[in-house]
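Number of protein chains: 4
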Amino acid sequence: MNETTSMLTEHQIEIRVRYNETDSMGFVHHANYFTYFELGRTELLRASGGNYRRMEESGLLVVVVKASCKYQRPAKYDDLLTIKTKITRITAAKIEHEYQVFRGDEQLAQAQVTLAVVNRAGAVQRVPEWMAALVAQPTD
Amino acid sequence: MNETTSMLTEHQIEIRVRYNETDSMGFVHHANYFTYFELGRTELLRASGGNYRRMEESGLLVVVVKASCKYQRPAKYDDLLTIKTKITRITAAKIEHEYQVFRGDEQLAQAQVTLAVVNRAGAVQRVPEWMAALVAQPTD
Amino acid sequence: MNETTSMLTEHQIEIRVRYNETDSMGFVHHANYFTYFELGRTELLRASGGNYRRMEESGLLVVVVKASCKYQRPAKYDDLLTIKTKITRITAAKIEHEYQVFRGDEQLAQAQVTLAVVNRAGAVQRVPEWMAALVAQPTD
Amino acid sequence: MNETTSMLTEHQIEIRVRYNETDSMGFVHHANYFTYFELGRTELLRASGGNYRRMEESGLLVVVVKASCKYQRPAKYDDLLTIKTKITRITAAKIEHEYQVFRGDEQLAQAQVTLAVVNRAGAVQRVPEWMAALVAQPTD
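Protein chains in written order, with the numbering used here: chain W, 36 to 175; chain U, 36 to 175; chain B, 36 to 175; chain P, 36 to 175.
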């Protein structure tokens, strides 16, 4: 992959809340937001011409080493949510993202997730060059 | 594994319904029953001295080729459910199980699942001898 | 709702397999197909001008009373799947759907799901008129 | 409920990793840890004589307002995990828990979750007296 010049540092997707993602309270279960964020960063990478699946096939696994979320308002079944994903920092060891969840103009949640890259044996690897190169870029 | 003589053909486990397994209706989402059945057959195998994880480590994967469930009454958060698992047929190609879900005396669901054994490349394998031997056994 | 004339009896959607829907085998876990089918019928209803959420808000809950699936080939992370949904029968008591899952031209699974309509107290209700009217329609 | 004297501030449970909780990497998907923590605090409350289900039936819902987790080592299918739950702070508005996940002696993750109490309309409620009373207690 040679995405240095085209890699995006921000992206947004829309997600429709599925029935099985809700719980007895009638709200999206809090754990499911982390799967929404994963979709957010997957699609950011795809929009940049990259692909997690191909990274995995080449032997690089991306693991979550830290994740946190503040829940401000509940989401419900069938809500159309906007997930905004932003790369905030990339070092040789880590990739940090920020996320915001909106329903229309209303913000429902905000989050941070830190990723690391490991090989199949679990040994930490350098973040690929084309990702690391991004820190030098303006993030407009 | 040499479980021919000790392999059980029936087993039951108790499961406490988790919050995230419920949906907006306040009931356990129907897809989650299939994960309960998987726990039922896993624990049947463990109670017989076997272990799915070790089977996998030896290169044999157990895949579901058919699954069906009749839902009679809904289960709710925090219900203590009994999952009864029974091996009904084993051939060289397939393993069939029946399941019943109870809350106390009340039956909530019944199901059938058919498994096959494949290798890492996805090619169908013979059901291991020690499993196939069970069909010759009295099942009570 | 007055969808008698516009209600579709067939519909198809595309779904991208999410990372959390896969399991250690590297395949989509079999239980997750049932959530795909639920999306299929939800979008069929939406494409017809209906909406499950509004049905629920009016006090009618749609519950699964029977579900079965034959798994032919495994799906993997990031696969783009086509879910074809077809209403096969509607009576005063039940709605039956058939589903097919494709990855490109390759069929991965086929399934049937039977729904019933209940009120908040769990009592079985007649399937709404506008749904029942569909049986009289050609299903081209 | 009158659990002031008997309420525990620490508790531990064992959880067996389920097949559907793993992902293509062969590890427990990171989002699932938050459901483990929920089980931890549910069982802490039950061990103290309380019950979330009864709280809900009385109209009080417990919602997660903040959650964070550091993932140190991956968990795998069939691992037997110990989830240690500790109440670290209770105010009129919030309940804070800390969690640690162990596999034998090896620590896999640590986390914090902050809860608030709301009514069915979503309005924030005071944390019940019997819970708030705990802050005055030694937490040994």
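Read the hints as simulated data drawn from the structure, not as lab findings.
Heads up, the beta-carbon is just placed ideally off N, CA and C, and yes, glycines get one too.
Keep in mind that the hints are not guaranteed to be accurate.
Over the 12 Å line for every Cβ pair with chain W, so calculated as not near, a few chain P residues [to be verified]:
hint, residue
1, Arg-88
2, Val-148
3, Arg-155
Below, a sample of chain W positions facing chain U; criterion: calculated Cβ distance under 7 Å [claimed, not checked]:
hint, residue
4, Thr-44
5, Gln-47
6, Thr-57
7, Asp-58
8, Gly-61
9, Asn-86
10, Tyr-87
11, Phe-137
Against the structure, the hints:
Listed as outside the interface, Arg-88/P is inconsistent with that label: its C-beta sits roughly 9 Å from the nearest C-beta of chain W, within the 12 Å cut-off. Separation of Val-148/P from chain W is inadequate, the least Cβ-Cβ distance of about 9 Å not exceeding the 12 Å criterion. With a closest Cβ-Cβ approach of about 9 Å to chain W, Arg-155/P is found to fall inside the 12 Å limit, against its non-interface label. At its closest, the beta carbon of Thr-44/W sits 32 Å from a beta carbon of chain U; the interface hint therefore is violated under the 7 Å criterion.
Look at Gln-47/W: its Cβ only gets to about 26 Å from chain U, farther than 7 Å, so that hint breaks. With its C-beta approaching chain U no nearer than about 4 Å, Thr-57/W sits inside the 7 Å limit, and its interface hint holds. Taking 7 Å as the C-beta cut-off, the interface hint given for Asp-58/W holds, the closest approach to chain U being about 5 Å. Taking 7 Å as the C-beta contact cut-off toward chain U, the hint placing Gly-61/W at the interface holds, the least distance being around 5 Å.
Taking 7 Å as the C-beta contact cut-off toward chain U, the hint placing Asn-86/W at the interface is violated, the least distance being around 22 Å. Given the 7 Å rule on beta carbons, the hint for Tyr-87/W is violated: about 21 Å separates it from the nearest Cβ of chain U. For Phe-137/W, the interface hint is violated, since its Cβ never comes within 7 Å of a Cβ in chain U; the closest pair sits about 21 Å apart.
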